[in-house]
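First to last, the protein sequences are chains A and B.
For the first sequence, position 84 (counting from the first letter as 1) is numbered 84 according to our numbering, and the numbering increases by one without interruption.
For the second sequence, position 102 (counting from the first letter as 1) is numbered 102 according to our numbering, and the numbering increases by one without interruption.
Just so you know, the hints here were simulated from the structure itself, not pulled from any lab data.
As the structure is a computational prediction, the values presented were derived from the model and not from experiment.
Note that CB positions come from ideal geometry on N, CA and C, so glycine has one too.
There may be inaccurate statements among the hints.
[Claimed, not checked] Pairwise CB distance ranges (calculated): (1) Glu142(A) / Leu10(B): 17 to 25 Å; (2) Glu34(A) / Ser359(B): 31 to 39 Å; (3) Asp77(A) / Gly530(B): 37 to 45 Å.
[What the hints assert, rightly or not] Which chain A residues stay away from chain B? Per the calculated CB distances, all over 10 Å, these: (4) Ala19; (5) Glu37; (6) Arg41; (7) Arg79; (8) Arg90; (9) Arg100; (10) Asp108; (11) Ile125; (12) Ser140; (13) Leu141; (14) Glu142; (15) Leu145.
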Amino acid sequence: MTAAGSTEGIGSYILFTVAGTTYALPSGEVRHMEMIENITRVPNAPAFIDGVVFSRGQVVPVVNLRARFGFERAAFDLRTRLIVVQSAGRLVGLLTDAAREFVSIPPDAIQPPNDALTGMSGRYIEGIASIKDRLILVLSLERILNFDEALTVGLADRV
Amino acid sequence: VTQDAFPDFLDDYFAECDEHLTRVRRLLLALEASVGRLEINRAVLDELFRHFHSLKGISGMVELRQAEDLAHRLEDYLRVLRAGDAILSADGMDALFDGTQLLEQVIAVRRTGGTFPAVESVGERIGRLVNAAAPAAASDSRLAPAVPRSFANVARWRCTFTPAAALVARGIRVDTVRGRLAAAGEILDAVPRVTGDGSIAFDFVLAAPLDEATIAAWRADGITAERLADDVASTPAVQPVDPVDDDVTLSGTTALSHFVRVDLARLDDLMRNVGDLVISRARLADTLSRLEARIPAADWRAIQENAVAIDRQLRTLREGIMRVRLVPVGEIFRRMPFVVRDLARETGKRVRLELQGQSTEIDKFLIERMMDPVLHLVRNAVSHGIETADERVAAGKRPEGTIVLCAATAGDIVRIDIADDGRGVDPEAVIARARAVGLAVPAGTPDAAALLALLCAPGFSTRDESDRASGRGVGMSVVQAAVEELSGRLRLETERGTGTRFVLELPVTLAITDALIAKVGSETFAVPQGSVREVIDVAVADLIQVERNEMTPYRGAALPVLRLSRLLGLPDTSRPRLHLFVVGTGPAAIGIAVDRIAGQREIVVRAIADALVRVDGISGATDLGDGHVVLILDPAALARQMRERPDRAMTAAQGANA
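Okay, chain B solo, but in the shape it has when bound:
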């Protein structure tokens, strides 16, 4: 492998690991039903075996020894189970889960950097399970390795594909090859290897009825196919898979062949191109409107018709690309059964997890950022929401608690519900806790919104300490911050004794949005329109000075005012009146003061990627047509800064850092 090719190859490795591990997780859950039973689900076992086998192979190729070793151990244990030398015990199941989790961690560390976890103890644990089963191996031939069944009459082929620049130029890559093979038959095994001259080749074992014409066509595209002898069944890695229960077969290898894996960066490039088009279109419209008076009416109508058509087509194109970025929310959900299972076991509770609306689609960008908050809420539901079986029975409920995780779209909004039928939030306990940590508690019985505000206050977190100690917790304040940063909303519904429901509402996509354009002195800013509740006009003379803060009366309460000019170190306006963008709700609301509102625009959001200029309070940048950068404010972050340190939002932050 040459130096240059290696990073690309690593990306492929991680992507492939993701696919295997995703599958492994579901298979393990399916395998759990076989614990302690003589009849084990062979199909599940076989497929698991193949995934670990592949993981071992590809990990070896990137020289990730820890992963190779773990996968090898897991494969060993599965081999013992396949041979019928041992019955799958609860210990064994735990070892499989723990081993898989560790394997995931090792691969994640290779990807993002950090310290590798120790793999020895889990490795040895699995080793002991294997050894314990060994003596029985010789004597017991009851369950001999299965003879391939469903593909017993189909010819098997070893197909080899060696990627080359010339082939890539024709669009032939390993993904496309995999798709073609899968379309022809069943891929029984796929292992990349490094060839003698240092390049990479992919070996597939394929069960398919191939004719000469197909083989010739493949050869032209760099795929060789070689008929295998019929006794390959002795190689464990090529054993075919029986149809498994619906849940497990859904996303099998054949289903995958219809999908193309696309690097998100390439989609971002496309999106940028469309963004450029949107900007050019705006520029053209500006120019045209200046010319209107000089153009004969009939010509003007023709131009207008074209302009409208371009608008429509551009919008279609934009929506099309956005749809490509959408992935099923099931990606978040898939890990949850794992988490619930682990935590239920830890806390000794009985919990059933129900998943709904997994095919609901949401932007890839959002998925990545929603993973931790949803994880936290699900974890909360198990540890704080659901009662123990005894408590539940005493309360007249079924001993098993239910958590429902549900996703649905309504227009441009994705709604994710995390609901449990547990004990509900106890307002008295929340108030007591809030007082104990020195939070201001409103008088009277708090409603759900007030409860949520307390739960999300920084410094709250009733039992999160243990979560944090084990290095996996984020407090409710972090959940709320994550949701707000995505221009989303978090809501709470709860009833004592009946249950709790958290509702996350998020925009489906983020890349293009409507914004209000504001001027402060000579500077221009964009404010996402969705976050502005109202624009109000106030006289500077009417502002009330409270220590170092300015306030204005607003709907019977005092609204803190954030002057953008001060944030930028510009002189305050000399105008007698200010415009205030009211953002946030309830006690979290603030008014952002600007000199002038220049209009409302559809803007293309560009990321600010470099750490040198990434600032809390600015969510991105946009171009209004003149090529200059206009910063996009993040009202939620600004409101949060005001709330946390009212006298030093953003401007003073630098001094605090230094």
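Just chain A, same shape as in the assembly:
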């Protein structure tokens, strides 16, 4: 986290990858990152929830972003990271394939999402940034954690 250093604040993002795509979240929303060890399954939780873990003494749900974005789940490896985020008083873990970079993205480098972006993650995107030939999808934490919508997605999938 100290890598954020002076760039912390507006424009500082943490980058992570899920199924080959690079995503960004404002580093201000990230509490800390952890290696993943053992997740306890919770019966009857939404399909994109892998279960719960303890993070600094608190029970934190693990949102599998692969599942959330409609990809196949993957086995954990040494690069797998749990990003514990804080949003509206909630503490939630996001399971990602890898996460290690902090970058500064100037606000004017972020464009609104293209309508042609139709992947499952499209509905959780706040904007698209392009930095040094790389395309980065900036996520909306609020939309990822929206539970009501999660149920509707589940319904649609089932039908």
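We have chain A; now place chain B onto it with these hints.
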């Protein structure tokens, strides 16, 4: 007020409102004795006035205009009463009650969100009362504003405190300042205000004999004191209060100064720390026991002695923190006179409420969750239990009915009784109602337990429809569910013509508990030991298949079996025998089947807070020492699910939602 400071400030606002409103409720009840009388209880009136005045001030500061306006109206009417321009009428009393209730609602909506109730009609009603009294004001000077009496010879000071980060770091906050002022004398008024540069300052008017040394000491801690001229009595808000009758003075401002208001979240943090210690201790004990064989006996004894001492100290520490979380059950009781009074008036009955054991202490967490069930039972006692005055006289009883609300502790259990001397539960009416709504009714005369089971069956509720329509009722089924969720028990005692008694039994605290640890496949679960009646062993081959349910004979009845493996989507055990945790009683009992019992442990209960993983049937999580989450089952909820839809407990719930 900066953006960051505002939420904290709002918390302070709500806490302060709670204090004022709690006091206002009791004062209103005390004031009621003055209805229609020329001599009004001035002390009560004065204090009420000051509370509304403060509520107005602080509501204005958080820009809660509806609350500010209501408090202002109420203050206006009290001013008219103080000036002797009007006699407190029954209408006026009702307006005060209704206005206060509305004020509470407005503040509650600001706190939890939702739609603000309309305040205009009550506002106008109070306005009319004020206006009606106005013409008399000029001519009548009989009851001129009272001259301060008890503090007439004591100097008055305006003390100002401006909170600052540097002061907070030294532990000096508005609460502590208030305590110091109260210790020095009498706080006549306390109003926060926003200063020119946007920060918050608190103005106190203090009646106290202050010397230079005190003033200097205070100044060093950010409190300024400025002597006020002696004619401040013309400002209504600073009029001192006479000693009132015992009931009302009990928790006055001076009494409050000995208490520190603590955010529950901070206590939770402390409790978590202690929980970590308990877990570390368990881990250490595990490691040590593995080493025992390699340690010389004398050294081992020394280690053991230390371990025992740590155990004892840890338990003391834990109990100490739990005690801090305890609050007097009186918090629930305080609202009840209000409720009874309102409902008695509505139903035209005469009811006396007796409160006992208000100082009995119970966990804050439980208090919050017990409020609605107790409220419901008290309301039931008034509307269903107590007869009308005529009926009572005809039955040879006193015209006035009595409801006794009593709390007491016995060991780790808190018992709350709600008893009335009314007509008692009529078993025939209950059976008729149960049949009418399609419930299964046992043959023969039902005993109290069977009656309670019917009353609490979902879909029962004889006259609850009207309650629900007015948006405030919870059925008996909800009462029972709430009690069970807190690992408590609900009992009924009733006798026709003599009365009814509901007994709630609850654990005093919840955070640490004894549990049985069970294994299902590779998964581990904790089951609160208090809810397990018995552990029995059954052969899988002996289970009886009844449609989609498995049953086993148990004490002359069939016990439904819930296999945890199925609930988790795991394969059934290949073992020939199952262990069953028998939970619940009578027809509500079920057996929870597990593969293996790994032992009995003291566990620390962690809340599962996030909606994404909050599941009916799981009451929390714990850590057995390896850092992994172990889910704690909620046997009462599981039994309820089985009862309500036997073929689809928990596993199928998701499909039903989607």
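Hint check:
1. Glu142(A) / Leu10(B): 17 to 25 Å: holds (22 Å)
2. Glu34(A) / Ser359(B): 31 to 39 Å: Violated, since Glu34(A) and Ser359(B) (Cβ atoms, about 46 Å apart) do not stay within the stated range.
3. Asp77(A) / Gly530(B): 37 to 45 Å: holds (43 Å)
4. Ala19: holds (21 Å)
5. Glu37: Check fails; 7 Å does not lie beyond 10 Å.
6. Arg41: Violated, because the least Cβ-Cβ distance between Arg41(A) and chain B comes to about 7 Å, which does not exceed 10 Å.
7. Arg79: holds (21 Å)
8. Arg90: violated (6 Å)
9. Arg100: The assertion about Arg100(A) holds, with a minimum of 23 Å to chain B.
10. Asp108: holds (25 Å)
11. Ile125: holds (21 Å)
12. Ser140: Given that every Cβ of chain B is farther than 10 Å from that of Ser140(A), nearest at about 16 Å, it holds.
13. Leu141: holds (13 Å)
14. Glu142: Holds, since 14 Å exceeds 10 Å.
15. Leu145: violated (8 Å)
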